[in-house]
Structures are given as structure tokens and as C-alpha cells.
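Participant: With chain A held as given, fit chain B onto it using these hints.
One-letter residues, chain by chain:
2 protein chains.
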Amino acid sequence: MLIIGERINSTRKLISEAIARRDASFIIDEALTQVAAGADYLDVNAGHMPDEQDSLKWLVEVVQGATETPICLDSASPEVIRKVIPLVDKTPIINSVTLESVRLEPLLSIVGSKKVKFIGLCQSSDKLASTREAKLELAGRLVEEGCKFNVPLDDLYIDPLVFPIATDSSSALSTLDAIREIMESFPGVHTICGMTNVSYGLPARKLVNKTFLTMAMLCKLDSVIIDPTDKEIYAAIKAGNALLNQDEFCLEFIEAYREGRLPGSR
Amino acid sequence: MLIIGERINSTRKLISEAIARRDASFIIDEALTQVAAGADYLDVNAGHMPDEQDSLKWLVEVVQGATETPICLDSASPEVIRKVIPLVDKTPIINSVTLESVRLEPLLSIVGSKKVKFIGLCQSSDKLASTREAKLELAGRLVEEGCKFNVPLDDLYIDPLVFPIATDSSSALSTLDAIREIMESFPGVHTICGMTNVSYGLPARKLVNKTFLTMAMLCKLDSVIIDPTDKEIYAAIKAGNALLNQDEFCLEFIEAYREGRLPGSR
Chain A
46 MLIIGERINS TRKLISEAIA RRDASFIIDE ALTQVAAGAD YLDVNAGHMP
96 DEQDSLKWLV EVVQGATETP ICLDSASPEV IRKVIPLVDK TPIINSVTLE
146 SVRLEPLLSI VGSKKVKFIG LCQSSDKLAS TREAKLELAG RLVEEGCKFN
196 VPLDDLYIDP LVFPIATDSS SALSTLDAIR EIMESFPGVH TICGMTNVSY
246 GLPARKLVNK TFLTMAMLCK LDSVIIDPTD KEIYAAIKAG NALLNQDEFC
296 LEFIEAYREG RLPGSR
Chain B
46 MLIIGERINS TRKLISEAIA RRDASFIIDE ALTQVAAGAD YLDVNAGHMP
96 DEQDSLKWLV EVVQGATETP ICLDSASPEV IRKVIPLVDK TPIINSVTLE
146 SVRLEPLLSI VGSKKVKFIG LCQSSDKLAS TREAKLELAG RLVEEGCKFN
196 VPLDDLYIDP LVFPIATDSS SALSTLDAIR EIMESFPGVH TICGMTNVSY
246 GLPARKLVNK TFLTMAMLCK LDSVIIDPTD KEIYAAIKAG NALLNQDEFC
296 LEFIEAYREG RLPGSR
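Listed in order, the protein sequences are those of chains A and B. At the far end of the first sequence sits residue 311, using this note's numbering, and the numbering has no gaps. At the far end of the second sequence sits residue 311, using this note's numbering, and the numbering has no gaps.
Only chain A is shown next, with the shape it has when bound in the complex:
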């Protein structure tokens, strides 16, 4: 399970304040904490800053200066991503491309100049994919567009999107079915999903989020954007890996317990 650490995001007040005062040590601490907690990539987002582009450049430089862990470059603006990407030194994941024409070509055409990976959302100009069928159709189009721009399947992380079950009782199941079918239909491609939207409007949200993650792992979801310091989500991933035969003799599970990262340990 590839873990993208989500904490360095300007929608979080402490982060936007740290960015505003250019507090590198605060950001470095957030970066190192997530790496120690198991992050494989660090998402950086400055979308809530008035100077998004400069702020994002600063974030990239600060994070890269502090850790070898690669970056997931997160912006709603293809223009900002194109301007910041020359600064990124390891192969980044771009978060995110959609099938909207304003985002699709400007982002995928980066491939000509730099090795990049993409998160692709099942979202087009006229459609947020809410049914299993729509998600599969848009996933197919993402794969197709990626092909045109020479993006190998292994560099594509498809996010089928999930909507709150509080307003659409079938939404989690549509997403789970879509994850399974995307992984079967396009061998080599990755799937990714955020874990918070599904529980919007409900109490006990963490319970719903980690239960959804557990089910998604069984459907072969192989990447997540989460807070790796969240003990419950991390424990669900470790237990899921052990149950799904991705942790021989449960050695990593037992190690996580010894490190005090599972319930009841320490």
C-alpha cells in the first residue's frame, strides 16, 4: 500500500499560518513526522494561499531540503503545477489530472519534459462519476488519454471518487466495485482514494473511513492519501496487509505492534 501523507495542506489552519510566515521548521517537522510514520510521498498544497505559486515553490524547496521522500504536487491550477515542477528533483506525483480539457492536456503534456506520475480523477467537464458504470467509463478514458501522452499504466493512479453514504447509500459500494474492476481491466494501473468524503455528514467518521479503507484494500486498492500519523487508519492498513497475504508471517504487523503503533501496544 503506497501512502501519500496528506498533512502539508493549506486547508489546515496551522499549515496555512506556517506557510504565511514562511516557518520552515514547522513544515519540516510535519514532513519528517509523516516520513517516520510511513509516508511514501508527501503531498504539498498551497491552494488556500493568496500567492499559491510562490508558496508552493517555497514548500517544495523546504520539504526537499529536509527529506528524500518524493513529493505529490497538489494544486487545482495546471498553470501553478507547470511553473513549480521544474523545481522538483525526484519523480513527483501530480495531484491531479481530470478529463476536463483545461486540466487534461496542460498536465499530461508535462510528460515530454519530465518524468512524472499522475493521480487521475474520474471527473469530466460534465460529469462527476457517481455510479460504478460512470466511474469505469471515465477510468477508461483516463487510461486512453494517458496512452496518447505516453503515460505508462504504472504511472497512473486512478481515483474513482467516493461520495458521502449519508446522502447516497450506494456510493461506497459503487466505488468499491469500480476499484475492483479498474484493477482487473487495466493490469498495472494503480487505484487511489481519499478516505474522508465517504463519511461526510455522519458521526463516528473515523470508524466509517477505516472500515471503507479495509473494504477497498480487499478490492485491491493499492494507494491512499491519508494522515499516516493517524493511529487507527495506520492500524487498519497493517491489519489489512496481514490478512491479504501481503505481510508474510505477519512480521510487519508484529513490528508495528512492538513500535507501539497498534491498539493495545505500549
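There could be a bad hint or two in this list.
If chains are identical, the list can't say which one is meant, so a pair holds when it fits in one copy or spans any two.
[To be verified] Derived SDA-like pairs: lysine to any residue, alpha-carbon spacing no greater than 20 Å straight-line:
{"hint": "1", "residue 1": "Lys251", "residue 2": "Ile299"}
{"hint": "2", "residue 1": "Lys128", "residue 2": "Arg177"}
{"hint": "3", "residue 1": "Lys251", "residue 2": "Leu296"}
{"hint": "4", "residue 1": "Lys251", "residue 2": "Phe294"}
{"hint": "5", "residue 1": "Lys135", "residue 2": "Pro115"}
{"hint": "6", "residue 1": "Lys251", "residue 2": "Gly309"}
{"hint": "7", "residue 1": "Lys251", "residue 2": "Gly233"}
{"hint": "8", "residue 1": "Lys251", "residue 2": "Glu304"}
{"hint": "9", "residue 1": "Lys251", "residue 2": "Asn290"}
Everything labelled a hint here was simulated from the structure, so no lab data went into it.
Facilitator: Just chain B now, kept in the frame of chain A:
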């Protein structure tokens, strides 16, 4: 999700002591607590008592006198079950039939005299089914034998068995695959599974058990033998139902929260 409450079992020291001193109020309290917590059936087991048959008769009478909730009659001895069953007033579940000849015919032939349901274990004289293929083969034979004795599929709860992942990393996945395929192959049949064996030998066992249960629910497992007063397992079931579109608008989930039965409530 059909819940069989597992607490009235003589392998538990407090229960065997209560049975030994014929402490009806202790047993009634265990029965009513589980019913209040959501049990649809109450398992009763006196297998660890020197006078199993008399103890089981006493348990059945005590439990039936206290609640309308039907009984799951649990004994390794077909003879004991045959002797006790005339006392049972509601349609019970017999726990359990296997493909071993000493258990198969003596138990299935009860059907002629009384309406009963069966838990059928994927276990024969020479085989404990440990692979997906073996589980499916034995499940098919259970269905076949049930047919011979006029047991409708709806009265059969197939337990594919699960073995500890600590010693066989693929065992959970074999069971999950088997559950999915049994439910697809024999429409109308039920599947059931115990939740504790999978985590044997590991730390943080409750985490592993509830993660396994969550995955099994996605595979359409529709019955469990659990302690319904266990808050974590109960919460996993409620979250699973909500995510799997078995709880419209999450009303039951929200109610469970209001009743203080989910994490963070009250």
C-alpha cells in the same frame, strides 16, 4: 447480518462455574445482555461440563424461560443434541454438522422430526478445508447432503473455517474467496464464520478480527458468531452495513451512535 451471541459457552470459566452451581440468574443475565446488544440467536454450549447433556438441558430451559430469542444448540456430540432438541421450543440452529459420517446423518436426520437449521463446517473425516478449492468442494458436499435430507438452502449456514494467518499467510484470503464463491454458487444459502481463530498467535487480536469481519462482509458473509457486547466488533458491523447499502440513509448507524455504541459516542 445475523448475530449469534457466543457468550453462554462453558469454555468460559464464569459460565462453567455458573452452570456447575445451576445459577440461573447468572445465565439469564448473560442471555438478556446479549439480546439487548443485538443477538438474533443465543448459542448455548455445555461441552466442558462432566454432565454435558443434563447441563445443556438446564441451559436451554433457563434461556428459553428468560427470552424469546431462539437458541443455537452447540455440542460436539450428535447424541447430546438429539437428546436435548425435543426441549427446544423455537426453530434452533444446530452448531454444527460436518461431513464426518458420525455427525452427518445423525444430525441431518433430525429434520424429519423437527424444523431445524444447521451450521455446516467445511470439514470431513480426512480433511480440514484449508484452501479455497477444498472449502468450495466441501461446501458443495454440505449442500448436496442437506438436499438429501430435505434441508432447504435457507436453513444452511456454511462455515468455510478460517485458520491463523500467523502460520498460514494465505488463510484469510482463502476463506474470503470461499465465502464470495459459496454465496454466488448457492443462491439462498448462508455463510457464517467465527472471528477469533484468524488472529491466533498475534498481538492486537481484536483489530485483526474486526478487520477480517469487515472484509468478510464485503464478500457477502451474512451471519457471525460473536460477542455482541463487544463494542468494536459491533461498531464494525454497523459501519459495514452502512457502507454496503444495507442501512438506508445510515439511520441504524446514527441510532447506534446515539445509543452510545460507536466510538466517540457518549
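Participant: Does each hint hold? Answer for all of them.
Facilitator: Hint by hint, here is what the structure shows:
1. Lys251 / Ile299: Answer is between; shortest inter-copy Cα gap is 14 Å, intra-copy 23 Å.
2. Lys128 / Arg177: For Lys128 and Arg177, neither the intra-copy (35 Å) nor the inter-copy (53 Å) Cα distance is at most 20 Å.
3. Lys251 / Leu296: So Lys251 and Leu296 pass the 20 Å test across copies only (17 Å; inside, 26 Å).
4. Lys251 / Phe294: Between. Shortest inter-copy distance 18 Å satisfies the 20 Å Cα cut-off; intra-copy 28 Å does not.
5. Lys135 / Pro115: within (6 Å within a copy, 63 Å between copies)
6. Lys251 / Gly309: This pair counts as both: shortest intra-copy Cα distance 18 Å, inter-copy 10 Å.
7. Lys251 / Gly233: neither (30 Å within a copy, 34 Å between copies)
8. Lys251 / Glu304: between (22 Å within a copy, 18 Å between copies)
9. Lys251 / Asn290: between (25 Å within a copy, 18 Å between copies)
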